[in-house]
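With the hints as constraints, model all of the structure from the sequences given.
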Amino acid sequence: MQTHVEVRDLCVTAGAHTIVADVDFSIPRGGVLALIGESGSGKTTIAMALMGYARLGCRIAGGSVRVGDTDVLALDEDGLAALRGDRVSYIAQSAAASFNPSRRIMDQVVEPALIHGRMDRAAAEKKAVALFRSLALPYPDTIGERYPHQLSGGQLQRLMAAMALITGPELVILDEPTTALDVTTQIEVLRAFKQAVREQGATAVYVSHDLAVVAQMADAIVVLNKGRIRENGRAVQVLQQPEDEYTRTLMAAARPERAAVDAPKVTAAPLLEIKGMCASYGTTPILRDINLTIARGATLGVIGESGSGKSTLARVIAGMLPPSTGAISFDGARLPPSLSMRDKEQFRRIQLVFQNADTALNPAHCVGEIIGRPLAFYHGLKGPAAAKRVAELLDLIKLPASLADRPCGGLSGGQKQRINLARALAAKPDLIMCDEVTSALDTVVGAAILDLLAELKRELGLAYLFISHDIGTVRAIADDIMVLYAGTQVETGRRQGYDGVARHPYTDLLIGSVPELRSGWLEEQGTRPAPPVIGQPKDGADLCRFLPRCSWRICGTCEEFTPPRHVTPGGNIILCHRPEGASEGAS
Amino acid sequence: MTNAIRSWVKALSGSGLIGLALVVFWLLIAIIGPFLAPYDPGAFVAHDVFASFTGAHLLGSDYLGRDVLSRLLSGARYSVGLALAAALLASTAGIALALLTAVSPRWLDEGVSRFMDTLISIPSKIFSLVLVAVVGSSLPLLLLVASITYMPGSFRIARSLAVNLAQMDYVQVARCRGEGAAYIAIREILPNMIHPMLADFGLRFVFIVLLLSGLSFLGLGVQPPDADLGSLVRENISGLGEAAPAILMPAIAIATLTVGVNLLIDALPGRGRRMAGKE
Amino acid sequence: MAGPATRGLLATALPLIGKRIASGMLTLLLVSLVVFFIAQLLPGDAAQEMLGQAATADAVAALREKFGLDRPAPERYVRWLVGMVTGDPGYSLVANMAVSDVIAARLPNSLLLAALSALVSVPVALTIGILSAMHRDARLDRGLNVATLSMVALPEFLVATLAVLVFSVQLRWLPSIALIPPDASPWLILRSLAMPILTLSVIVIAQMARMTRAAIIQQLSQPYVEMALLKGIKPARVVLTHVLPNAIGPIVNAMALSLSYLLGGAIIVETIFNYPGLASLMVNAVTSRDMPLLQACAMIFCTAYLLLVLIADTVAILANPRLRNR
Ligand SMILES: Nc1ncnc2c1ncn2[C@@H]1O[C@H](COP(=O)(O)OP(=O)(O)O)[C@@H](O)[C@H]1O
Ligand code: SF4
Ligand SMILES: [Mg+2]
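Residue numbers (the working numbering), protein chains in the order written: chain A, 1 to 587; chain B, 1 to 279; chain C, 1 to 326.
One or more hints might be untrue.
Claimed, not checked - Simulated DEER-style distance windows between Cβ atoms:
| # | chain 1 | residue 1 | chain 2 | residue 2 | range |
| --- | --- | --- | --- | --- | --- |
| 1 | B | 242 | A | 57 | 19 to 29 Å |
| 2 | A | 285 | C | 86 | 47 to 57 Å |
| 3 | C | 166 | B | 43 | 28 to 38 Å |
| 4 | C | 42 | B | 43 | 33 to 43 Å |
| 5 | C | 42 | B | 163 | 32 to 42 Å |
| 6 | A | 276 | C | 240 | 53 to 63 Å |
| 7 | C | 240 | A | 57 | 18 to 28 Å |
| 8 | C | 137 | A | 276 | 55 to 65 Å |
| 9 | A | 387 | B | 88 | 31 to 41 Å |
As the list claims (entries may be wrong) - Residues of chain A placed beyond 12 Å of chain B at every Cβ, according to the derived structure:
| # | residue |
| --- | --- |
| 10 | 180 |
| 11 | 334 |
| 12 | 342 |
| 13 | 345 |
| 14 | 370 |
| 15 | 395 |
| 16 | 420 |
| 17 | 430 |
| 18 | 500 |
In short, the hints are calculated from the structure, not lab data. This structure is a prediction, so every number in the text was calculated from the model and none was measured. Cβ coordinates follow ideal geometry from the N, Cα and C atoms, glycine included.
Below, the structure written as structure tokens:
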């Protein structure tokens, strides 16, 4: 096949240090190449260099980039401007931030076509609408009249694809285009991208940190680490027989193994029990009728898309947000609803670990102070005794004791998350609530944190409330799993209960949307049937919140009545009119 | 400690270094100026009024034949000292109130903020004129007027910082740990406000120097026999037609002080970036 | 083609603007309370002041009654407030005239000076701000930065005296006193106002240019700017068509602050050039402790400030689709 894009010895520097070095690859016409690596490995830098662009403070220091017959790095500013957005176009990671907030979508989508004189405005708008349609956007004729803040992330991401494709580019660069999306949205967007790029016959570069996503999109994969290529080969080969050690580490971390954990000793009284709890921010109701128990030493995984109320649940338990109704009891005793009514012992026994360790550690304090504070506050430990305990805790989380005097500013993401954890451990709690503790970390680092959590649980008999948006992560650590959708608890059960087919329709969608680590998976997933026609939802009724998206909804029932709870054959409790949820037999 | 200062100075840009030099110079003059004065600042020592630069009188003489250099050296302590004290008072009070409102109940926070917003919408010069009209212009009252005038601005900045910091996860963590309001305000929030508030303090100092010298220039500030740099400009205004150094030198002195502080603040490392919440 | 987003632009923007107006009025009311309260702190009262120490107690009491000074403070406040609103802010004991007449003679002068200065400074400031932002950290920007940084810190009387020395004493181009004869031609007016305008502009230009630069640079670091460049749009065009519409809110806000300075902050400039404006009137009121006049002037300046802020808010609401339609 004819080579379309060729990169030779590419080298990009930022001031004195090199961020990308000796990068070589080529892509045949119409091929899709994936750049994969952890954050900071230089993926975006390389992708932008393909357009002759370097971010403020960076400089393309050497090498060559050839697109068709054009030597991109030899072009002057005017030549580059003529190339960008016309022959080569770019789809950025965060569509929400990459659209100008004060201009209409249509103006922005047709802008490349107008700037490069491809067509007049009327023709451009017509083409844009056609693209909206083929990208499966709702209301293709009028969606362009909206402003970015009026659209969802998944819609914006597809609109950005329309903007990139409007000039009929020969090369499209997609930079983590689905990373900011929920997994159920991601699959639709991926499908739309793949089809649109193929229809255009464009060559594509797909940047991602997610191997499973890349497996669906790419013909060839380049694995990057610290600005250098570790492995470069056909997708099938890299995924099935990785040659490089680093690639194998990435693969292993992408599928977290469940650490062998003994079944928790079930004691009579549960550690934490919540009954019929509802919570709201001001007058906006968020959580509705939450019921859960966590046994001593057990792990409850909470899963749901962003905004489903996972963090709110943790905030209610911690006492930051008093529930509007319902009771929380801890170790048999009722837990006061608000912070001001709890005593020190109640505070001590429940600890909360936040998602983002960057913001959870006070930059004005050093590591020793951060870990030492709970020691002094709860246990009255001071001076050498405290220092000794800090060293022990650092050892427990596998960090050197010498770190105690360091400010936390200069530490890596993984180190910070460990210290975040150590601070919670210092209180000697019974329950730790982990809110997305691995989400902000690279896969490899996140997998190590998961291992650490499992180990601590074994050694210290801790119970966890483990919150995540990623079903794989939850499955790797939880004994019980609870699924939240728009603040309702749609399914609860043992981890094994989710392996069967009878699941709540939302759980089914969620699990079915997680890409598998092999090529061709995306094609095998038939598009879901459109939700069946139903009547006008009954006003004022407390209906199933999944109703608008549900492919299993029952006309005459789901839009009229509040869903009841059922126990599935797998033993899970689901909130649905279908007793067996989304199982084949039920349809 | 000295190492930290040395590396800090090294990081300053060219204009920052000039600013630092000017600031240090004026602080020194404010302290030891009067001892350096070649003549008694109140004595009529020159043969001529509004004399230009001469060997005997380096900066010429004023409208009564007094030595301008000597008057300048002793006037600086009013301009610098009064403004420094007022700026300190304004900033400290602003920060303290801001911390208080950040951890206090909603109604108190809203009440205080509304009141401060009201004070902010009275332009500062107008506000200080009204205050001066009522309380007069003795030195302690001038100090009070200047700090009251600029305290609401400092409060507003400190409050927006404190409110943002109070939302940070580490503050939430402290809350969940059961920490009291005082600990949260002083140990968790305050240390992260110091850097931006230092820059704000510098700005406030500049504003107050300009305000006080402006008041003195109008005859409403420091009253004779005391004289700050603004008073020196006022008393020599009749020398304007002769381009007498007696009027220009004090005005230039003020400018070097305020411009110096401004250049120094602008060169402070990490300014702005820190406020944006990045590392 | 009226899409769903355009419908009811006014319908969505008006309540927001109405809210701002209401909040501005409330602030103004609170300001009047503060001003009145401070004025009450003055020991003695106007009647005593007017008649002097030698006056008999009866005479003072009679005068007090005449001006309503014997009434309780809340009642006097309400009377004063009603007077302010209806255009009768009281009687200036020092000038022996109605305050409204004293002010009527001065206000047009102040407005003229402020308007002319704004006309000069706004375009210059915008140009400097945009140029600096576009050449961020280049030599031009660093030079302009040091220049504006120094200019904002200059005392007005230094700028004014230097201007007099150069243009009036040395070059003899312009008069050093801004007195305008009643029958002056526009040219003469401009000539006599040139130096006050110049002095005011120097300081205001520096303030506004810095804020404009900051507002634009803040936008330039947004991802949508990078996206626009990667669409092949030239940098100058990106700034004009993509960045400016987003920066307009903070920019007009900065302008409002600076322009309010042109009215109330002109105190020193008016004094030096002997210009008969409102600000120098206020200084006289302070010197003579003419409280009715002082209170009225203060309220005018505060109203002007709040009005400018309101206009800026309105522009920001209209410019920002997120604020104007949800
Ligand atoms: N402080 C708050 N005030 C009002 N609404 C909030 C607040 N925090 C979160 N929400 C809303 O509550 C819902 C649930 O949020 P959250 O618990 O953070 O979800 P998750 O953690 O699952 O992403 C969302 O719709 C969010 O917009
Ligand atoms: S209740 Fe009806 S709409 Fe809701 S999940 Fe079950 S079948 Fe779907
Ligand atoms: Mg969350």
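Please write out, lowest number first, the hints stated earlier that are contradicted by the structure. 1, 12, 13, 14, 16
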